[in-house]
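Colleague: Here is what each chain is made of, one letter per residue.
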Amino acid sequence: MAHKVALIRGDGVGPELVGAVETVFKAANVNIDWVEVEAGLKCVEAGKPIVPEETIAQIKELGIGLKAPMTTPIGKGSVSPNVTLRKKLDLYACVRPVYSLPGVKTPFDGLDIVIFRENTEDLYAQIEYMATPTVAHSVKLISEFGCERIIRAAFEYARKNGRKKVVGVHKANIMKIGDGLFLKTFNRIKEEYPEIEAWDNIVDNQCMQLVTRWKIYDVLVMPNLYGDIVSDLAAGMMGGLGVAPGANYGTKCALFEAVHGSAPKYTGMNKVNPMALLLSGTLMLEHLGENEAKANIEGALRATLEKGIKTYDLGGDATTSGFAEAIASELK
Amino acid sequence: MTLHGVDIFIWSAETPDVPKEFGPFTLDLISNRGTRIYPGPAPEMDLLDWPRCRYLCEEEVTHDQIDELVNKITSLGYRWTKCQKLFRIDGVNAFSQPY
Numbered sequence: 001m002a003h004k005v006a007l008i009r010g011d012g013v014g015p016e017l018v019g020a021v022e023t024v025f026k027a028a029n030v031n032i033d034w035v036e037v038e039a040g041l042k043c044v045e046a047g048k049p050i051v052p053e054e055t056i057a058q059i060k061e062l063g064i065g066l067k068a069p070m071t072t073p074i075g076k077g078s079v080s081p082n083v084t085l086r087k088k089l090d091l092y093a094c095v096r097p098v099y100s101l102p103g104v105k106t107p108f109d110g111l112d113i114v115i116f117r118e119n120t121e122d123l124y125a126q127i128e129y130m131a132t133p134t135v136a137h138s139v140k141l142i143s144e145f146g147c148e149r150i151i152r153a154a155f156e157y158a159r160k161n162g163r164k165k166v167v168g169v170h171k172a173n174i175m176k177i178g179d180g181l182f183l184k185t186f187n188r189i190k191e192e193y194p195e196i197e198a199w200d201n202i203v204d205n206q207c208m209q210l211v212t213r214w215k216i217y218d219v220l221v222m223p224n225l226y227g228d229i230v231s232d233l234a235a236g237m238m239g240g241l242g243v244a245p246g247a248n249y250g251t252k253c254a255l256f257e258a259v260h261g262s263a264p265k266y267t268g269m270n271k272v273n274p275m276a277l278l279l280s281g282t283l284m285l286e287h288l289g290e291n292e293a294k295a296n297i298e299g300a301l302r303a304t305l306e307k308g309i310k311t312y313d314l315g316g317d318a319t320t321s322g323f324a325e326a327i328a329s330e331l332k
Numbered sequence: 001m002t003l004h005g006v007d008i009f010i011w012s013a014e015t016p017d018v019p020k021e022f023g024p025f026t027l028d029l030i031s032n033r034g035t036r037i038y039p040g041p042a043p044e045m046d047l048l049d050w051p052r053c054r055y056l057c058e059e060e061v062t063h064d065q066i067d068e069l070v071n072k073i074t075s076l077g078y079r080w081t082k083c084q085k086l087f088r089i090d091g092v093n094a095f096s097q098p099y
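Those sequence lines, one after another, are chains C and W. Per our numbering, the first sequence runs over residues 1 to 332. Per our numbering, the second sequence runs over residues 1 to 99.
The following block holds chain W by itself, in its conformation from the complex:
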């Protein structure tokens, strides 16, 4: 099992304006209620105050790099309530994709 990213769930009524890139990571998507809203086209739907920002790196990353990314999000004033590290098993994503 190799580490490739993190889902950061943020307590925010607005879709957060988080960095598109940070260190080795790229902002892969933002979802709300399990539906992708970034990159668009975003569906017309009511949003909850719990968007999820998914950062991924094609190469394996370290747990420290995840911590740095999460600290960066915190330093921007966003209050995360849940983080989930994203792994691959035998090269296959061990996490689901939103609709």
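One chain only, chain C, in its complex shape:
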């Protein structure tokens, strides 16, 4: 039976990237019934919200979606479609695996880390004010509930996937109340997972250690702002946003996405690397229980890279569709 999955084709290069994923999934004989839902610039141009309520409702009903990059319109009152989806679907866990890939040269051989970023609180709760004409005030909202569920998700992931170490990342030496609550919660929950080595680290030190001692890290969990920054740092260590996948999980829904932008200047040029969306798609397959298809696609991708077939961002000259077809041919 086909898996029904909501699909947002996105803005800019989004539709081209989705086309590449469709090519590869078809070659892998993955039985997906894509249900296209509206979001992004087209909605705004039609006078609708950037993420219409019908789209939220449809993703909720299906419980799963794949999202290509979307553009946040510039201007007062504009909201990010990505943050809107995370908030409205309560997708509290942003999971960003980063790992070394053949043919993607970086100084970080042997990289294999999974980052858990809390996705709904912290300074992203959108509670900001001008308190006086010259003073801005942003509320950093950290709840025990929000900390507990992301920290537990990280430990559960580690337990399920045979990961040995979980590190809680914070700045509790300075923000003793907000990050202190995160740290206190981390220290409480880690006691429930005695088989997993767990310790905490201050975010600035963690950034330094990521680029000097990356091989000792396994799973990292952190509040929203640090997660936003550290996960992009880690994506760079993997080879850039063009290759790094992303997933957002809630209790009832999961949404898989490439975390890079919609690259409007490349629209229609058949140029941009589809790997990030494709690998997000394989995370989606894992979520659907299609582990064999996931392994097959990732194997075909590695074989393609090993042959030196790459898009421009990795030093190659393959087009978006050409790269997808090369992967597809490995699957046949």
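Hints listed in this document are in silico derivations from the structure and should not be mistaken for laboratory results. One should not assume that every hint holds.
List time: in silico BS3-like cross-link candidates among lysine-lysine, alpha-carbon distance up to 25 Å [unchecked claim]:
1. K271(C) <-> K307(C)
2. K140(C) <-> K184(C)
3. K60(C) <-> K105(C)
4. K26(C) <-> K215(C)
5. K176(C) <-> K82(W)
6. K165(C) <-> K190(C)
7. K140(C) <-> K82(W)
8. K184(C) <-> K82(W)
9. K140(C) <-> K85(W)
10. K42(C) <-> K271(C)
11. K215(C) <-> K105(C)
12. K48(C) <-> K60(C)
Chain W: place on chain C using the hints.
Modeller: Below, chain W without anything else, positioned relative to chain C:
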């Protein structure tokens, strides 16, 4: 900078049943964890015991009017833990909108 309303953060496990109108103010929204839950449709999400009630007035209001509104909320039995006055600068809201 002109005064137009107030955000009242209330310590309550339930979404508070606060007045929709009071004096010059209208209840613009209630949010929880930065996400709007009133007016609906409210997302299906776990709520914290710290809802925020935003009251606004299109016209400029006085600080005394804000005090009266906050006292009204207190008199209804709600325990607020934080209030933030809402200003406009050159006619533009100097406060963020929830999702």
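Colleague: For the pair supplied as a hint, K271(C) and K307(C), is the alpha-carbon distance within the 25 Å limit?
Modeller: Within the cut-off at roughly 19 Å; holds.
Colleague: Would you check the hint for K215(C) and K105(C), treating anything up to 25 Å between C-alpha atoms as holding?
Modeller: Measuring from Cα to Cα gives roughly 16 Å; hence the hint holds.
Colleague: Checking one constraint from the list: CA of K26(C) to CA of K215(C), max 25 Å. Satisfied?
Modeller: Outside the cut-off at roughly 36 Å; violated.
Colleague: Between K140(C) and K184(C), is the straight-line Cα distance small enough, at 25 Å or below?
Modeller: holds, 17 Å
Colleague: Just to be careful, I want the Cα atoms of K42(C) and K271(C) compared with a cutoff of 25 Å; is the pair within it?
Modeller: Holds. K42(C) to K271(C) sits at ~22 Å (cutoff 25 Å).
Colleague: Given the hinted pair K140(C) and K85(W), is their Cα-Cα distance within 25 Å?
Modeller: holds, 18 Å
Colleague: Would the pair K165(C) and K190(C) pass a check requiring their Cα atoms to be no farther apart than 25 Å?
Modeller: Roughly 11 Å between the alpha carbons, so the hint for K165(C) and K190(C) holds.
Colleague: Holds or violated: are the alpha carbons of K140(C) and K82(W) at most 25 Å from each other?
Modeller: holds, 14 Å
Colleague: Is the straight-line distance between the alpha-carbon of K176(C) and that of K82(W) 25 Å or less?
Modeller: With Cα atoms ~20 Å apart, K176(C) and K82(W) stay inside 25 Å; holds.
Colleague: Is the straight-line distance between the alpha-carbon of K48(C) and that of K60(C) 25 Å or less?
Modeller: holds, 19 Å
Colleague: Compare the distance between the alpha carbons of K60(C) and K105(C) with 25 Å, and conclude whether the hinted pair is satisfied.
Modeller: With Cα atoms ~39 Å apart, K60(C) and K105(C) exceed 25 Å; violated.
Colleague: Could you grab the alpha-carbon distance between K184(C) and K82(W) and see if it respects the 25 Å cut-off?
Modeller: holds, 24 Å
Hints 3, 4, counting from the list given before, are not met by this structure.
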